[in-house]
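Enquirer: Please model the entire structure based on the sequences and the hints provided.
When we follow UniProt numbering, the leftmost residue of the sequence shown carries the number 1, and every step to the right adds one.
It should be emphasised that the hints constitute simulated quantities derived from the structure, not laboratory data. All C-beta atoms, glycine included, are put in the ideal place defined by N, C-alpha and C. Accuracy of the hints is not assured; some may be wrong.
[Claimed, not checked] List of simulated lysine-lysine pairs, BS3-like, C-alpha gap at most 30 Å:
1) 205 <-> 180
2) 271 <-> 180
3) 81 <-> 180
[Unchecked claim] What follows is a list of derived Cβ distance ranges for each label pair:
4) 19 <-> 140: 55 to 61 Å
5) 290 <-> 31: 55 to 61 Å
6) 168 <-> 283: 26 to 32 Å
7) 110 <-> 81: 51 to 57 Å
8) 61 <-> 229: 22 to 28 Å
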Amino acid sequence: MVKSRDPSPETDPDFTIADALSSTLIREIRRYFCEQHDASERVQTNRVELNDAIEERLGQRQAEALWVGLSANDAAEEVAKGTSYVEYDFLIDIAAALTVLNEQLVAARYREKRHTRPADEVNLVATIPDGVSLPNAEAVSQTAGRVRDLVLGAEETVRLANPYFDSEESILDDLASLPKRGVDTRILTRETSDPDPQLTRSLNKIYRLSADGRDRLEVRDLYERDEQTGFQQLATHAKIVIVDDSYCYVGSANLTRHSLSNNFEFGLLVKGDSVGGVVSVFDNVFEHATSVDLPLLTES
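Expert: In structure tokens form, the structure reads like this:
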């Protein structure tokens, strides 16, 4: 049997009824109590009587959840025992019961809407080495082209996590164009305090080409070494591109020639509600990272 909880203000909201009953069934029971309320403030009832009065049948599990939920909120009181808890008679405080059922109806509708929302749209992208053929090649798009399309289609924001760059890759021009056309651009990378030449040239190129929109460009660095051993303690390793909070690429490819042309790399393009979770993770890590002043001073 479902156990009730003390409905004190310190406990979490109780959704016992919404967890077990559909919004349609809750609405039917609410209608029944509304009709009874015209004649009395309280009514004695049981599962059999309820089933005679409503269109959708109240099963044992649902009846148990209903009685527990109402009792836990002081809207129902046992007055006669039956062969099992679900067959007891209950004295219902109709006004209190309607308040509980209204709250549970909102919760049930929310749960149903969440469970029936459209599935995310997911597409496969990959970099396939020369000489490798795929039997279903049409189902897998090239990483470089799809990621560039993603970036070029941005209208409001681009979030990019990428450890390594090649300064000659065309996508750097795409990234540099974003701030100039009003797109907020956030880049999370690594080791900018002691960068390799490619990283320096790449970030400086983006900075130089985005001259008319630098207030919309922000670069941060996530990289730390252990003070005692000198070994890497944490770093940006994720490869993510998020566009307008609606689309994202998550995969293995860096924005380098090898990753976009030669290596075997694999990833997913996602459109849908799940992108919100990616945005949340990125923003929290980005907030933790160290702000980078551009241009980087050393370039060879």
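Enquirer: Do the alpha carbons of residue 271 and residue 180 lie within 30 Å of each other, as the hint requires?
Expert: Holds - the C-alpha atoms of residue 180 and residue 271 are around 25 Å apart, at most 30 Å.
Enquirer: For the hint 51 to 57 Å, verify it against the beta carbon of residue 110 and that of residue 81.
Expert: violated, 35 Å
Enquirer: Check the following: the C-beta atoms of residue 19 and residue 140 are separated by a distance inside 55 to 61 Å.
Expert: For residue 19 and residue 140 the Cβ distance comes to about 41 Å; the hint is violated.
Enquirer: Return holds or violated for the Cβ distance of residue 290 and residue 31 against the range 55 to 61 Å.
Expert: At roughly 60 Å between Cβ atoms, residue 31 and residue 290 fall inside 55 to 61 Å, so the hint holds.
Enquirer: Starting from residue 81, check that the Cα of residue 180 is at most 30 Å away, please.
Expert: The hint is violated at about 74 Å.
Enquirer: Take a quick look at whether residue 205 and residue 180 sit within 30 Å of each other, Cα to Cα.
Expert: holds, 14 Å
Enquirer: Take the C-beta atom of residue 61 and the C-beta atom of residue 229, compute their distance, and say whether it sits inside 22 to 28 Å.
Expert: Distance hint for residue 61, residue 229 is violated at roughly 57 Å.
Enquirer: For the pair residue 168 and residue 283, does the Cβ-Cβ distance stay inside 26 to 32 Å?
Expert: Given about 30 Å between the Cβ atoms, the range holds.
Hint compliance for this structure: hints 3, 4, 7, 8 are not met, and every other hint is.
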